[in-house]
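Visitor: The lines below spell out each chain.
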Amino acid sequence: MSLDRLTQKQNADGGWPYRRGSSWTEPTAYSVLAMLAVGESERARRGLRWLRSMRRADGGWPVCAAVDESGWTTALVALVPPELLGSDVHRGAVEWLLGTTGEESTLVYRLRQYLAGNAPPPDQSAPGWPWVPRAAAWVGPTALALLALDREQERPGSSTKEVAMRLAEGRTFLLNRMCRCGGWNHGSVNALGYPADAYPETTGMALAALRGSSAEQVQRSLAVARQFLADCRSADALNWLRLGLNAHGALPDGFAPADGIQFRTVPEMAIDTLISAAGQGRNPFWIS
Amino acid sequence: MGTIAGAAAVSSACRSSREAVRPRGLPASAPATVTIVRAAAYDQSLYATVRRVLESHRLNVRGRSVVLKPNLVEFEPGSSINTNPLLVHAAFEAFRGMGAASVRIAEGPGHRRDTLDLADAAGYFKIVPGFEDNFVDLNVDEASRVYPRRQFSRLEKFYLPNTVLGADLLVSMAKMKTHHWTGATLSMKNLFGVVPSGIYGWPKNVLHWAGINECIADLHAAFPRQFAMVDGIIGMQGNGPIQGTAKNAGVLVAGSDPVAVDATCCRVMHIDPLRVGYLRIAAGTDDRLDGRNIIQAGEPIETVATPFELIPQTRSYRLEKS
Chain A
-6 MSLDRLTQKQ
4 NADGGWPYRR
14 GSSWTEPTAY
24 SVLAMLAVGE
34 SERARRGLRW
44 LRSMRRADGG
54 WPVCAAVDES
64 GWTTALVALV
74 PPELLGSDVH
84 RGAVEWLLGT
94 TGEESTLVYR
104 LRQYLAGNAP
114 PPDQSAPGWP
124 WVPRAAAWVG
134 PTALALLALD
144 REQERPGSST
154 KEVAMRLAEG
164 RTFLLNRMCR
174 CGGWNHGSVN
184 ALGYPADAYP
194 ETTGMALAAL
204 RGSSAEQVQR
214 SLAVARQFLA
224 DCRSADALNW
234 LRLGLNAHGA
244 LPDGFAPADG
254 IQFRTVPEMA
264 IDTLISAAGQ
274 GRNPFWIS
Chain B
890 MGTIAGAAAV
900 SSACRSSREA
910 VRPRGLPASA
920 PATVTIVRAA
930 AYDQSLYATV
940 RRVLESHRLN
950 VRGRSVVLKP
960 NLVEFEPGSS
970 INTNPLLVHA
980 AFEAFRGMGA
990 ASVRIAEGPG
1000 HRRDTLDLAD
1010 AAGYFKIVPG
1020 FEDNFVDLNV
1030 DEASRVYPRR
1040 QFSRLEKFYL
1050 PNTVLGADLL
1060 VSMAKMKTHH
1070 WTGATLSMKN
1080 LFGVVPSGIY
1090 GWPKNVLHWA
1100 GINECIADLH
1110 AAFPRQFAMV
1120 DGIIGMQGNG
1130 PIQGTAKNAG
1140 VLVAGSDPVA
1150 VDATCCRVMH
1160 IDPLRVGYLR
1170 IAAGTDDRLD
1180 GRNIIQAGEP
1190 IETVATPFEL
1200 IPQTRSYRLE
1210 KS
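Residue numbers (this note's numbering), protein chains in the order written: chain A, -6 to 281; chain B, 890 to 1211.
With the rest of the complex left out, here is chain A (with noise of 0.2 Å):
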């Protein structure tokens, strides 16, 4: 179902809308990712066109074409293989996000902190991602990079030690920023000293990009995100939870979200699509 409606989504241009409109980094990323799991080739490959011709001279990508600056979007481009996107330009996209942590791990931040007297909070002790350039780190962005990071070190003479590296900072980063609830929020554990609630569609995030580790605190959060499997009626929040717990093994057998489950924008579209996929073993996020 999802699949149809997400073919007849795509733009002229090659690109995908969230709904209706005009081409986004994020929607042709994952539809882009579905097409080539569901042997969509062509449509793949003129949303590969777009992604391409969206390509900034630092390596990363926009949101969309209004928009000057690379950002978030870059780690969702990473995750489309290289000899389809173009090794240089995967490559690239690469060592955008080796270059990019929030603003609070940056030397002149911290320097400055120093100087202030201020010592970093334990939170900051690991870097993750920032949504845009010159702001914080928070939970999404960092899920979505640890993900495509994840993948190069899959890929055969990908793997390095700044990749290895980032990847064991990335998730501390996440188990720092974990509420005390076992779940995960948009990356705030609490508002001056009160302790913040969790979400289902971060908490999902987190899990699948914590796929593999042995931390003790992830098998609470997988009771956490069972619990809102079965609470939550968001579609956006069932594909990320059913992916993280897909990732440790823990998603219910035969899991399907219930009738009546609305996917209304393209990454839902897509991202249903490619649970659908990954479960004929076509998983573009990792090597099941």
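Everything labelled a hint here was simulated from the structure, so no lab data went into it. Cβ atoms here follow ideal geometry from the backbone N, Cα and C, with glycine treated the same way. Each hint should be verified, as a subset may be incorrect.
As the list claims (entries may be wrong) - Just a few of them, taken from the derived set where beta-carbon distance is under 7 Å, the chain B residues facing chain A: (1) HIS1000; (2) ASP1003; (3) ALA1032; (4) GLY1090; (5) ASN1094; (6) TRP1098; (7) ASN1128; (8) GLN1132.
Stated by the list, open to error - DEER-style ranges, computed between Cβ atoms: (9) B:TYR1036 / A:GLU209: 47 to 57 Å; (10) B:HIS1097 / A:ARG226: 25 to 35 Å; (11) A:ARG12 / B:GLN1040: 28 to 38 Å; (12) A:ARG127 / B:TRP1070: 12 to 22 Å; (13) A:ALA112 / B:PRO1201: 14 to 24 Å; (14) B:ASP1176 / A:THR99: 33 to 43 Å; (15) B:GLN1040 / A:PRO74: 39 to 49 Å; (16) B:GLU965 / A:SER152: 36 to 46 Å; (17) A:THR99 / B:GLN1040: 16 to 26 Å.
Here the structure of chain A is known, so what remains is to put chain B in place on it, guided by the hints.
Guide: Showing chain B alone in chain A's frame:
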């Protein structure tokens, strides 16, 4: 997707209709009028109340496009985080009844990606017939690069949604809440919700790094055709804007000048508007925040004012004399 040229076109289109939206018969330099009305509950009587308030401000929206911007942040059962959907629907019906060519509800939540799921959980689908057809998710709306006419933060530009840039009237329908960083979040702070998360992320952290108070003033300057209506029927006190507790204030506060409306809300909450950073920046002069320079309609402030609890970090905002 818009471009600089697109933004200019939108801005130009807006300028041509500005006078038509201003209250009839009032010069541009007239003191702001702020209306306070009592509203005890979210019930059917709100429809008549809201229509009466809007008509009292003599807004000419006939044939114009109106965008209602509620405050939709997160959903917790029993909480008072979000603008109540019944109030938004009352405004929706009132503007349609006043002849607006189009009325849309638009919001871009800063924490949760699934905007429609959030709106559903908050009751909008149930209360507003055909909600999805009349709603725009500003987080992923077409956007244009904009250079506000007055710039207070270090951001030199904003990317803003075309739905809002192109509206003849933007109605900020905020919740009356305390805010742990700015003292109070009202109609002006509510404009953070028009900044698209699809571009800036969840949360829109760039605005914090560039200065919250300054960015609020920037956004206020970017949208010169506004009307503000603050939902103080049940507000939030304490550790707002999310983790506070409900506060029954029983009022709606409304007017065409968001600075004057928010200053009035502060007085209702026993918060000193002169201590709220973004109000001072946007006002330009403290005289503009002085209650004697705001024409008060409806209930006098002193008859509805009720102290909102403040957490220790914001107690310096307390208004010492009402």
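Visitor: Please go over all the hints and tell whether each is borne out by the structure.
Guide: Comparing the hints with the structure gives:
{"no.": "1", "hint": "HIS1000", "verdict": "5 Å, holds"}
{"no.": "2", "hint": "ASP1003", "verdict": "4 Å, holds"}
{"no.": "3", "hint": "ALA1032", "verdict": "6 Å, holds"}
{"no.": "4", "hint": "GLY1090", "verdict": "2 Å, holds"}
{"no.": "5", "hint": "ASN1094", "verdict": "4 Å, holds"}
{"no.": "6", "hint": "TRP1098", "verdict": "6 Å, holds"}
{"no.": "7", "hint": "ASN1128", "verdict": "6 Å, holds"}
{"no.": "8", "hint": "GLN1132", "verdict": "5 Å, holds"}
{"no.": "9", "hint": "B:TYR1036 / A:GLU209: 47 to 57 Å", "verdict": "50 Å, holds"}
{"no.": "10", "hint": "B:HIS1097 / A:ARG226: 25 to 35 Å", "verdict": "31 Å, holds"}
{"no.": "11", "hint": "A:ARG12 / B:GLN1040: 28 to 38 Å", "verdict": "32 Å, holds"}
{"no.": "12", "hint": "A:ARG127 / B:TRP1070: 12 to 22 Å", "verdict": "19 Å, holds"}
{"no.": "13", "hint": "A:ALA112 / B:PRO1201: 14 to 24 Å", "verdict": "22 Å, holds"}
{"no.": "14", "hint": "B:ASP1176 / A:THR99: 33 to 43 Å", "verdict": "42 Å, holds"}
{"no.": "15", "hint": "B:GLN1040 / A:PRO74: 39 to 49 Å", "verdict": "44 Å, holds"}
{"no.": "16", "hint": "B:GLU965 / A:SER152: 36 to 46 Å", "verdict": "43 Å, holds"}
{"no.": "17", "hint": "A:THR99 / B:GLN1040: 16 to 26 Å", "verdict": "25 Å, holds"}
This entry satisfies every hint, going by the numbered hints stated previously.
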